[in-house]
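J.: One letter stands for each residue in the lines below.
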Amino acid sequence: MAVLLEPFQYDFMLRSFAAAIMVGIVCSVIGTYMVVRSMAFLGDALAHAVLPGVAVAYIFGGNITFGAMIASIVVAIGISVLSDQEEIKEDTAIGIFFTAALALGIALISTIRTYAVDLTHVLFGNVLGVTTDDIRFILITGAIVLLAVTVFYRFFQVVTFDPVMAKTLRWNVKLIRTGLLVLIACTITISINTVGSGLVTAMLITPAATALMFTKKLYTTMLAAAGIGALSGFLGLYLSYFLNISSGAAIVLVATLFFIIVYFYRKLFPYRNKKIEA
Amino acid sequence: MNIDLSQMPIIQIEGADLGYRTDAEPALKDITISFYPGDMVAVIGPNGAGKSTMMKSIVGLIPPLKGKVNVHGELHGAHPDCVSYIPQRESIDWNYPITVREVVMMGRYGKIPFYKSPSEKDQKTVEDALKRMEITALADRKIRDCSGGQQQRVFLARSLAQEPHILLMDEPFNAVDLATEKIILDNLRVFKERHVTTLVATHDLSLVSENFEKVLLLNKRIIAYGNREEVLTDKKLQLAYGKKAIYF
Chain A
0 MAVLLEPFQY
10 DFMLRSFAAA
20 IMVGIVCSVI
30 GTYMVVRSMA
40 FLGDALAHAV
50 LPGVAVAYIF
60 GGNITFGAMI
70 ASIVVAIGIS
80 VLSDQEEIKE
90 DTAIGIFFTA
100 ALALGIALIS
110 TIRTYAVDLT
120 HVLFGNVLGV
130 TTDDIRFILI
140 TGAIVLLAVT
150 VFYRFFQVVT
160 FDPVMAKTLR
170 WNVKLIRTGL
180 LVLIACTITI
190 SINTVGSGLV
200 TAMLITPAAT
210 ALMFTKKLYT
220 TMLAAAGIGA
230 LSGFLGLYLS
240 YFLNISSGAA
250 IVLVATLFFI
260 IVYFYRKLFP
270 YRNKKIEA
Chain B
0 MNIDLSQMPI
10 IQIEGADLGY
20 RTDAEPALKD
30 ITISFYPGDM
40 VAVIGPNGAG
50 KSTMMKSIVG
60 LIPPLKGKVN
70 VHGELHGAHP
80 DCVSYIPQRE
90 SIDWNYPITV
100 REVVMMGRYG
110 KIPFYKSPSE
120 KDQKTVEDAL
130 KRMEITALAD
140 RKIRDCSGGQ
150 QQRVFLARSL
160 AQEPHILLMD
170 EPFNAVDLAT
180 EKIILDNLRV
190 FKERHVTTLV
200 ATHDLSLVSE
210 NFEKVLLLNK
220 RIIAYGNREE
230 VLTDKKLQLA
240 YGKKAIYF
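Each protein sequence line maps, in turn, to chains A and B.
Taken in order, the first sequence gives residues 0 to 277; the numbers are from numbering that gives the first Met the number 0.
Taken in order, the second sequence gives residues 0 to 247; the numbers are from numbering that gives the first Met the number 0.
It should be emphasised that the hints constitute simulated quantities derived from the structure, not laboratory data.
Source: prediction; values computed, not measured.
Glycine included, C-beta positions come from ideal geometry on N, C-alpha and C.
There may be inaccurate statements among the hints.
The calculated label-pair distances, taken between Cβ atoms and stated as ranges, are [stated by the list, open to error]:
| id | chain 1 | residue 1 | chain 2 | residue 2 | range |
| --- | --- | --- | --- | --- | --- |
| 1 | A | Phe11 | B | Pro62 | 55 to 61 Å |
| 2 | B | Glu212 | A | Ile260 | 54 to 60 Å |
| 3 | B | Gly47 | A | Thr110 | 51 to 57 Å |
| 4 | B | Glu209 | A | Phe263 | 37 to 43 Å |
| 5 | B | Arg143 | A | Thr255 | 21 to 27 Å |
| 6 | B | Gly147 | A | Tyr262 | 36 to 42 Å |
| 7 | A | Phe233 | B | Arg143 | 29 to 35 Å |
| 8 | B | Arg220 | A | Tyr262 | 31 to 37 Å |
| 9 | B | Arg143 | A | Leu256 | 22 to 28 Å |
With a Cα cut of at most 25 Å, we get these calculated DMTMM-like pairs of lysine to aspartate or glutamate [stated by the list, open to error]:
| id | chain 1 | residue 1 | chain 2 | residue 2 |
| --- | --- | --- | --- | --- |
| 10 | A | Lys166 | B | Asp92 |
| 11 | A | Lys173 | B | Glu89 |
| 12 | A | Lys215 | B | Glu89 |
| 13 | B | Lys130 | B | Asp176 |
| 14 | A | Lys215 | B | Glu24 |
| 15 | B | Lys219 | A | Glu86 |
| 16 | A | Lys166 | B | Asp121 |
| 17 | B | Lys181 | B | Asp144 |
| 18 | A | Lys216 | B | Asp127 |
| 19 | A | Lys266 | B | Glu13 |
| 20 | A | Lys216 | B | Asp121 |
| 21 | A | Lys216 | B | Glu133 |
| 22 | B | Lys65 | A | Glu5 |
| 23 | B | Lys28 | A | Glu86 |
| 24 | A | Lys173 | B | Asp80 |
| 25 | A | Lys215 | B | Glu119 |
| 26 | A | Lys216 | B | Glu119 |
| 27 | B | Lys191 | B | Asp203 |
| 28 | A | Lys166 | B | Glu13 |
| 29 | A | Lys166 | B | Glu73 |
| 30 | A | Lys216 | B | Glu89 |
| 31 | B | Lys213 | B | Glu180 |
| 32 | A | Lys215 | B | Glu212 |
| 33 | A | Lys215 | B | Asp139 |
| 34 | A | Lys88 | B | Glu24 |
| 35 | A | Lys216 | B | Asp92 |
| 36 | B | Lys65 | A | Asp83 |
Let's have the full structure, built from the sequences with the hints guiding it.
T.: Have a look at this one:
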């Protein structure tokens, strides 16, 4: 029994659990919008766009997470502005911006000689290395994202479900959409320590897609996804301690397992509406 | 001095070219037309005649390339929430996690400040709209799990809940069952009694001739506008649809 509680004895493990759970929750909530709007590609793009920010911060000795956040927000706004032109589709805008940012990141990093360790952390995460400062950053940013999603729920709901109606209500659809992209960018930034930029798309998409299979409303999808995300973060980290595997990968694999279980459950027991004559 | 509001045009289009900036030719050229409170107009014409473009222009989605499109005597855009637009089915994401009641409540969003919950009046208006469209039993169902006809009724219920002055419907009778068709037509009359100006784009000319008094015939310009007897003549329909068309 004592063996099972072992991970909780260490301060660094407790910090890691807090980070993994918070990231699991925030990613899943904001990811719900990405699943309903089929924006998986965007998540992947923003995750890779953090690279030049990381490189610049590294070169000048600044805070790497902060650099990553600036870079992903700039790219998010860039995508939003560029895709607003009638000639350029959104996925084209994403493709152009994210590869350019990635190339810039690689170019900058190739000028540094001792980058190997830090770069793997960006790509695959290193939740066990989170400091107290990191935790504070993750918790505060995560709380701001969740607050924004709650306060502006109606705007995001209409813009993602029926943007035409949002326009007829004279809402600033462009601003709302850009706001959503910035929230996604912030979420990705706080996930880099935990699951890494290579796997963050999974945390954004998988729990939300799982929840979507058994929920009817947007906010219930978000709540269920948050539960799945938090549980994946906790269980993944816990298992990675005993199996001695990468924590980010373990978290993503647990989330995927949840998806597979719900998927087959739904296949075996399809949801049926009561027959209503109308 | 008393002004009879029913004599004041609610929608005024003057010398307008309508269409997207990127198109080589405007979809509609040199449009001048006025609609009045309580007008219930069928908008007909062949594919690509400009029916959708006209609606999108009135609702403010496409600014006019030339001329004026006014609502209540002001430039469109000055009037949030008074125009309700039901787009063609294809522009809605039917997989979205949202229930029928939530969609109808969206009709109230223009009237509820974003930091407030819907009031009792909002909820009552929504329930009334659900009842009118005979979808109360479906209220907690996910929108995806409704039939095509039911989905169309959900969107009309949303427009009822919005209490607009102008209602624009793009092809509402496409792929709906007869029961839905009847409910939609019945409720269009309710809108008319409330002095709502209603424009309905449709391909179904026999439905138009039986249910609409006013008809607007388009084909890249206004071919004819007036009472159905004046517009639904062989000569005018041939002008819009071409010589070999079979109408009924």
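J.: Work down the list of hints and note, for each, if the structure agrees.
T.: Verification of the supplied hints:
Look at A/Phe11 against B/Pro62: about 58 Å separates their beta carbons, and that is inside 55 to 61 Å. For B/Glu212 and A/Ile260, the hinted distance range of 54 to 60 Å is satisfied, since their beta carbons lie about 59 Å from each other. A hinted range of 51 to 57 Å for the beta carbons of B/Gly47 and A/Thr110 is consistent with their spacing of about 56 Å. Look at B/Glu209 against A/Phe263: about 52 Å separates their beta carbons, and that is not inside 37 to 43 Å.
In this structure the supplied range 21 to 27 Å holds for B/Arg143 paired with A/Thr255, their Cβ-Cβ distance being about 24 Å. Checked against the given bound of 36 to 42 Å, the beta carbons of B/Gly147 and A/Tyr262, roughly 27 Å apart, lie outside it. For A/Phe233 and B/Arg143, the Cβ-Cβ distance of about 32 Å falls inside the hinted range of 29 to 35 Å, so the restraint holds. Against the hinted window of 31 to 37 Å, the Cβ-Cβ separation of B/Arg220 and A/Tyr262 comes to about 54 Å, which falls outside the hint.
With their beta carbons about 26 Å apart, B/Arg143 and A/Leu256 fall inside the hinted range of 22 to 28 Å. A threshold of 25 Å between alpha carbons decides the hint, and for A/Lys166 with B/Asp92 the separation of about 16 Å falls inside it, so the pair holds. With a C-alpha separation of about 22 Å, the suggested pair A/Lys173 and B/Glu89 falls inside the 25 Å cut-off, and the hint holds. Simply put, A/Lys215 and B/Glu89 have alpha-carbon atoms about 21 Å apart, close enough for the 25 Å limit, and the pair holds.
As the CA atoms of B/Lys130 and B/Asp176 are separated by approximately 18 Å, the hinted pair is consistent with the 25 Å bound. A distance of roughly 44 Å separates the Cα atoms of A/Lys215 and B/Glu24; the hinted pair therefore is violated under the 25 Å criterion. Annotation: proposed proximity of B/Lys219 to A/Glu86 holds, straight-line Cα distance about 24 Å (limit 25 Å). For a cut-off of 25 Å, the pair hint linking A/Lys166 to B/Asp121 stands: about 21 Å separates their Cα positions.
Using a Cα cut-off of 25 Å, the hinted pair B/Lys181 and B/Asp144 holds, with the two alpha carbons roughly 22 Å apart. Simply put, A/Lys216 and B/Asp127 have alpha-carbon atoms about 21 Å apart, close enough for the 25 Å limit, and the pair holds. In summary, the hint linking A/Lys266 to B/Glu13 is not supported, as the alpha carbons are separated by about 57 Å, beyond the 25 Å threshold. Simply put, A/Lys216 and B/Asp121 have alpha-carbon atoms about 19 Å apart, close enough for the 25 Å limit, and the pair holds.
For a cut-off of 25 Å, the pair hint linking A/Lys216 to B/Glu133 stands: about 21 Å separates their Cα positions. Between B/Lys65 and A/Glu5, the direct Cα distance comes to roughly 74 Å. Violation of the 25 Å bound is thereby established for this hinted pair. Pair hint B/Lys28 plus A/Glu86 holds up; C-alpha atoms about 23 Å apart against a cutoff of 25 Å. Between A/Lys173 and B/Asp80 the CA atoms are separated by roughly 18 Å; this keeps the pair inside 25 Å, and the hint holds.
Our distance criterion of 25 Å between C-alpha atoms is met by A/Lys215 and B/Glu119, whose separation comes to about 23 Å. As the CA atoms of A/Lys216 and B/Glu119 are separated by approximately 21 Å, the hinted pair is consistent with the 25 Å bound. Between B/Lys191 and B/Asp203, the direct Cα distance comes to roughly 20 Å. Compliance with the 25 Å bound is thereby established for this hinted pair. For the given pair, A/Lys166 sits about 23 Å from B/Glu13 by alpha-carbon distance, which is consistent with the 25 Å threshold.
For the hint linking A/Lys166 to B/Glu73, the alpha-carbon distance of about 18 Å falls within 25 Å, and the restraint holds. Our distance criterion of 25 Å between C-alpha atoms is met by A/Lys216 and B/Glu89, whose separation comes to about 21 Å. Of the pairs offered as hints, the one joining B/Lys213 and B/Glu180 holds, with about 19 Å between alpha carbons and a cut-off of 25 Å not exceeded. Of the pairs offered as hints, the one joining A/Lys215 and B/Glu212 is violated, with about 41 Å between alpha carbons and a cut-off of 25 Å exceeded.
With a C-alpha separation of about 8 Å, the suggested pairing of A/Lys215 with B/Asp139 holds against the 25 Å cut-off. Using a Cα cut-off of 25 Å, the hinted pair A/Lys88 and B/Glu24 holds, with the two alpha carbons roughly 22 Å apart. For the hint pairing A/Lys216 with B/Asp92, the CA-to-CA distance comes to about 14 Å; that is within 25 Å, so the pair holds. The hinted pair formed by B/Lys65 and A/Asp83 meets the criterion: a straight-line CA distance of about 22 Å does not exceed 25 Å.
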